[in-house]
Every structure is written in structure tokens, then in C-alpha cells.
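So the protein lines, in turn, are chains A and B. Numbering-wise (our numbering), the first sequence opens with residue 1 and increments by one. Numbering-wise (our numbering), the second sequence opens with residue 1001 and increments by one.
Keep in mind that the hints were calculated from the coordinates and are not lab data. A quick note: this is a predicted structure, and the numbers were derived from the prediction, not measured. Mixed in with the good hints, there may be bad ones.
[Claimed, not checked] In silico DSSO-like cross-links for lysine-lysine, where the CA-CA straight-line distance does not exceed 27 Å:
hint, chain 1, residue 1, chain 2, residue 2
1, A, K85, B, K1331
2, B, K1075, A, K98
3, B, K1075, A, K85
4, B, K1075, B, K1252
5, A, K13, A, K98
[Unchecked claim] Far from chain B, by Cβ distances over 12 Å, these chain A residues were calculated:
hint, residue
6, T20
7, D33
8, G43
9, S45
10, T48
11, P83
12, K100
13, N103
14, E113
Don't be surprised by glycine CBs; every beta carbon is placed ideally from N, CA and C.
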Amino acid sequence: MTIKYTKDHEWVKMDGDVATVGITPHAAEQLGDVVFVELPEVGKSFATDDDMAVVESVKAASDVYAPISGEIVEVNQDIVDSPEKVNEDAAGAAWFVKIKPSNASELDGLMDEAAYNDHVANG
Amino acid sequence: MCDRISQVPTTAGASTFSMEEACHKGKVGMTDLKQLPLDELHRELGGKMVPFAGYDMPVQYPLGVKAEHLQVRAKAGLFDVSHMGQAFLTLKEGTGGADAHRKIAAAIESLVPAEVQKLGKARIRYTVLLNEEGGILDDLMITRLPAEEDAGRLFLVVNAAVKDQDFALFQDKLKDVADLTILEDRALLALQGPAAAGIMEELVPGAGEMPFMSIMDAEIDGLPIMLSRCGYTGEDGYELSIPASQAEAVAKRLLGFEDVEPIGLGARDSLRLEAGLCLYGHDMTPAQSPVEANLNFAIGKRRREEGGFPGATRILEELKASTPSLRVGIKPLGRAPAREGVEIQSVEGEIIGVVTSGGFGPTYDGPVAMGYVAQSHAQTGTDIHLIVRGKAVPAQIVDLPFVPQNYYRGKKSS
Chain A
1 MTIKYTKDHE WVKMDGDVAT VGITPHAAEQ LGDVVFVELP EVGKSFATDD
51 DMAVVESVKA ASDVYAPISG EIVEVNQDIV DSPEKVNEDA AGAAWFVKIK
101 PSNASELDGL MDEAAYNDHV ANG
Chain B
1001 MCDRISQVPT TAGASTFSME EACHKGKVGM TDLKQLPLDE LHRELGGKMV
1051 PFAGYDMPVQ YPLGVKAEHL QVRAKAGLFD VSHMGQAFLT LKEGTGGADA
1101 HRKIAAAIES LVPAEVQKLG KARIRYTVLL NEEGGILDDL MITRLPAEED
1151 AGRLFLVVNA AVKDQDFALF QDKLKDVADL TILEDRALLA LQGPAAAGIM
1201 EELVPGAGEM PFMSIMDAEI DGLPIMLSRC GYTGEDGYEL SIPASQAEAV
1251 AKRLLGFEDV EPIGLGARDS LRLEAGLCLY GHDMTPAQSP VEANLNFAIG
1301 KRRREEGGFP GATRILEELK ASTPSLRVGI KPLGRAPARE GVEIQSVEGE
1351 IIGVVTSGGF GPTYDGPVAM GYVAQSHAQT GTDIHLIVRG KAVPAQIVDL
1401 PFVPQNYYRG KKSS
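Bound conformation, chain A alone (with noise of 0.2 Å):
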């Protein structure tokens, strides 16, 4: 199964017909300390790199941007009750939303891990 990446520090894993969506670890180190985290209500649709989340550090506040359009069909409600999970594992368990894409295809458009390291590499 494979991980894509945008350049604004998303991550996104296609599962079924499903895509679970997170923010790197690299995104998060870079945030600090995470201590509040808004989501979107399921059903809400998105279109690609509209706001669709809220991550604010003890240093400032971030959007998070939809990686690809869809329509939210679930949201990770731990990261809402303790946001330092966050920083404890975005890569898995601090995922954000799962997305019912509207068009599959938007994820070739994403980056792969070696390219994603390369961009942050790289800035």
C-alpha cells in the first residue's frame, strides 16, 4: 500500500475506496508542542487545497489542506480530545480524516516517499 505526500506536509493512503490523510512527522516537528486540533464534520466535502483542518502548536496556528476532493467519511476524535498524539505518531495513530475521494486519480498527482524527502531535503 502506498503513501502519498503533498508539498504542504500531508500524507494520504489509500485503503479500498477510502484515503486516510494525516500530517508528516516531519510537519509535526516542525510545529512543536500540538495543542489544539479542529477537524471537519463527516459528510463535509472538500475540493482539492481547500482548508479542511486546524492544527495550532504552542508557537502558531496551520491549516491543514485537503489533499485530494472528496468527502469526509470519518474523523480521528483522539487527536481532538488529546492533540499531543500528534506529535507522539503522525504517521499512524494521529491520522486526521478519512476522505471518500471524488476521483481517484488526483492521487497520482502526489508525491512518493522519495520524493517527499527530497522536497523537504530540498525545501
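We have chain A already, so just place chain B on it with the hints.
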């Protein structure tokens, strides 16, 4: 490094130490940035450097903002605040003599509303520098030096961002009576936290029983320091003014204590916010008088009767009557922090003010903020709304500080 950080989008944008903003400025103005005397040490310690007030400064160390904040509340932390402006203001006719303090105090009293003439020897006073309209140009510490030969000389510490204009003002307004000596070659370190007194007592016998807001001439390992018991965290602690060339030795000595960690600007901001202390340029500006800024304690009792400071007519009137708005503490009732610039509305939806500092308080374990609201809504306990990302978030006017101040109030009787 900055390129990478700036990829993480920042929407609120108002946070004082927002990564994107910091990095953007860093890229543009890197060559103009001044370096702290301890620049090399900050980098050795893993400090993440950002531009602040024209200096390249550590915003955090590997511990991280939250842990650094909690460290200062639990044990002790070392801050490099050498960016701040330090100066001596000295009577032109020379120091010494019975009347020298009264004369230099009278001179500076023409610019600030504090009682300086009755300031005791070796004592420090917090006050504000005023413009002709009674607006706040800066806040500052005025110290009456302890040595007899220094009678007629005051030690001033002002904010970095406005130090050039402050110093120009002193030089201009007091040119006939006093000389200003800017202490460019001095570093300023702060050791803050409940463990600070024990550590300082070990290095400087007697330091543990210095009164809050006092100064002493001291030595650490033979290096001369001006040691003040004050700070900007709400905790007990000290500030050490040291010749820049010797600052690293003193900093390393202090960092050698197990209970001391280096602390960056990020935690400095959350600590002072929890303690209800103002950040100049944010929580007070020339647009506000000290009465509006809720800093009446910075106005001396005699001065309230006599006036004689810039904007006295307005300020004395405000003390008797009121001001249109007031600086207050604001507690967002949810978990979402409200950052600087967030609009404040009444529960009926009328715009009544603006947040001037806001973030997350690690010790308070929740969002904390301060700002200005209309007097009609400034009463403690008033319900208000904060407009965060377009949505009304319930909040309440609360008393400051959010976390009790832990200043030294004399030896505890056993």
C-alpha cells in the same frame, strides 16, 4: 532550514513567533541581523534561531517550547535577553553628593509617571516611558545603583525593538541635565524559576535574600555582574548584567547546574502571558495610556497629585474617571487558542475589542489571552465571544495573572 519550515502553512499569522513569519523575515533580512554575544553557545546548545527585534535569537532549544516553559515553573531556566537595551543615565554635574539622586530622579520623572525620587538605594522600579499624549512609548526598569559613588546615576533596561528611539528621547529631552551611556558591550542573562534563588545563593552569598526588585554588585567566579532580582516570567529569579566578553563563562557556569536548562523566546512569551505581563508593541503601544493598559501601579502616588509627566492631564483625568477601553485577561472557554488580532465581540455580536496576546498556557493547561475591551464589558466574569477563524468562540473576562506570581517576598518564617 527556513525554507522547510515555511512550507508548513500558517494561517493565524498573528502569533509573535510564528514560524513562517520568522523564516520569511530571516530570508529577507538575514544579513541585517545582529548577533547576541552568546550566539555561538545558542547554536551549540541546539537553539533554533529566528529573527526577533533585529537580532538572531533562539526561539527554542531541543527541549521544545512546552517543556522549557514547564522547566522554568518547576526548576529554573536561563534566558539570554542581551537584545534588550541597557544604559546609565548620569547627572551632568557628576555623581556623588547628598542631592545627586534626587536630581537625576527629578530629571527622569519628566518622562515617566513613576516615583523615582523616593526609590530606595539598590531598588528597581517598573514604569512606562510616555509621549506627550500620555501614550506608552515603552516599558522599562529604572534602578537606583547601590554604591555611594554612583549616586546620581540610574541604570535603565528598555525593550530591544524600541531601544534606539528610547535612548534618543532620553538624550534629547534630558540633554541639559544628564548624560546617557549606552552599554552596548554588556550582555543580559535571566535565571528564572523556583530553583534560581538556591543556585544564585551558592554563587553569590546573600543573593538568596535579596529583596524582590533590588540590585547588588556581585561577582561570579571573579567576574563582575550587576545582579537584579526581577524577571519576566512570574517566577522568582534574577537578571545578570555582565560584560559581553564574560557572558559565556557565566552562562556556562549557570547551565552547569542540574536544575538549569536554556530557554528560548517561545517559552519566554508563554511564561509572561500566563503571568499577565505585557509585551511591548503588542499589549501596549503609543495608542494606549498606562491607565488603559491597566498599569496604574506604574504611576507613583505623589505623581498622581503633582503630575509633571508627559500626558499628565489626560492620565490624571483617566485615573479619576475612566478610559474607553481596558486591558483585561481573557480565558477562551474551549481548547482553541485565540491569537493576537482576534476580534472580540459581545455575546450580542457587537465588536468590543481585540486580542493583543494569545496562545496556549502550558502550566494553565489551556488557552490564555489578553486584550483590550470596552469598559462596558471589562468586568471580571463577563461573557464574551472571540471570533476565531470566522466562528464565535465563547470566552470570559478573567483576572490576571492566569498562574499565580511566585516572586520572593522575604524569608519565610519557620
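_Under the constraints set out in the numbered hints, which ones does this structure not fulfil?_
Of the numbered hints, 2, 7, 11 do not hold.
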